[in-house]
Amino acid sequence: MGRADLIDTTAASYAVTVQWALAIHQSRSDADGLIWMSKRYDPQQAFLLFGDRMSGTDLIGISKTSIDTNIDEMRRIVAFTVRVNITIVL
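Mapped onto my numbering, the consecutive letters of the sequence shown carry residue numbers 4 to 93.
Hints listed in this document are in silico derivations from the structure and should not be mistaken for laboratory results.
The reader is advised that the hints may include incorrect statements.
[As the list claims (entries may be wrong)] SDA-like mimics (lysine to any residue), calculated; alpha carbons at most 25 Å apart, straight line:
#1 K42 <-> T72
#2 K67 <-> Q29
#3 K42 <-> L93
#4 K42 <-> K67
#5 K42 <-> T60
#6 K42 <-> V21
#7 K67 <-> T84
#8 K42 <-> A82
#9 K42 <-> G59
#10 K42 <-> F53
#11 K67 <-> R43
#12 K42 <-> A7
#13 K42 <-> S69
#14 K42 <-> I74
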């Protein structure tokens, strides 16, 4: 199986990629997750963490910004959501 078989697929193949994550989860008890690259944002990497293998203290935030009073930060978030086709519902 090559890269195109996993990443360069259509939405109709998403259920198959979910099965790959499930196979990794079931066969590798030492894996806390996996690194994924989407075809739209290659070579950007996303970390997919298995929730049942993580605790609330495994990840630590390095900074915190309140967006309700920081208009520039809110603009950056909105620009990002537009770029990746995410709709914010308030």
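A quick look at each hint next to the structure:
For the suggested pair K42 and T72, the alpha carbons sit about 35 Å apart, so the restraint of at most 25 Å is broken. Of the pairs offered as hints, the one joining K67 and Q29 is violated, with about 35 Å between alpha carbons and a cut-off of 25 Å exceeded. A hinted pair counts as satisfied when its Cα atoms are at most 25 Å apart, and K42 with L93 does not qualify at roughly 29 Å. A C-alpha spacing of about 30 Å is found between K42 and K67, which places the hinted pair above 25 Å, so the restraint is violated.
Taking the CA atoms of K42 and T60, the gap is near 31 Å; set against the 25 Å cutoff, the hint is violated. Proposed proximity of K42 and V21 is supported: the alpha carbons are some 15 Å apart, at most 25 Å. As the CA atoms of K67 and T84 are separated by approximately 19 Å, the hinted pair is consistent with the 25 Å bound. A threshold of 25 Å between alpha carbons decides the hint, and for K42 with A82 the separation of about 20 Å falls inside it, so the pair holds.
Between K42 and G59 the CA atoms are separated by roughly 30 Å; this puts the pair beyond 25 Å, and the hint is violated. A C-alpha spacing of about 22 Å is found between K42 and F53, which places the hinted pair at or below 25 Å, so the restraint holds. In summary, the hint linking K67 to R43 is not supported, as the alpha carbons are separated by about 28 Å, beyond the 25 Å threshold. With a C-alpha separation of about 9 Å, the suggested pair K42 and A7 falls inside the 25 Å cut-off, and the hint holds.
As the CA atoms of K42 and S69 are separated by approximately 32 Å, the hinted pair breaks the 25 Å bound. Between K42 and I74 the alpha-carbon distance is near 31 Å, which puts this suggested pair outside the 25 Å criterion.
Taken one by one, the earlier hints fail for this structure at numbers 1, 2, 3, 4, 5, 9, 11, 13, 14, listed in ascending order.
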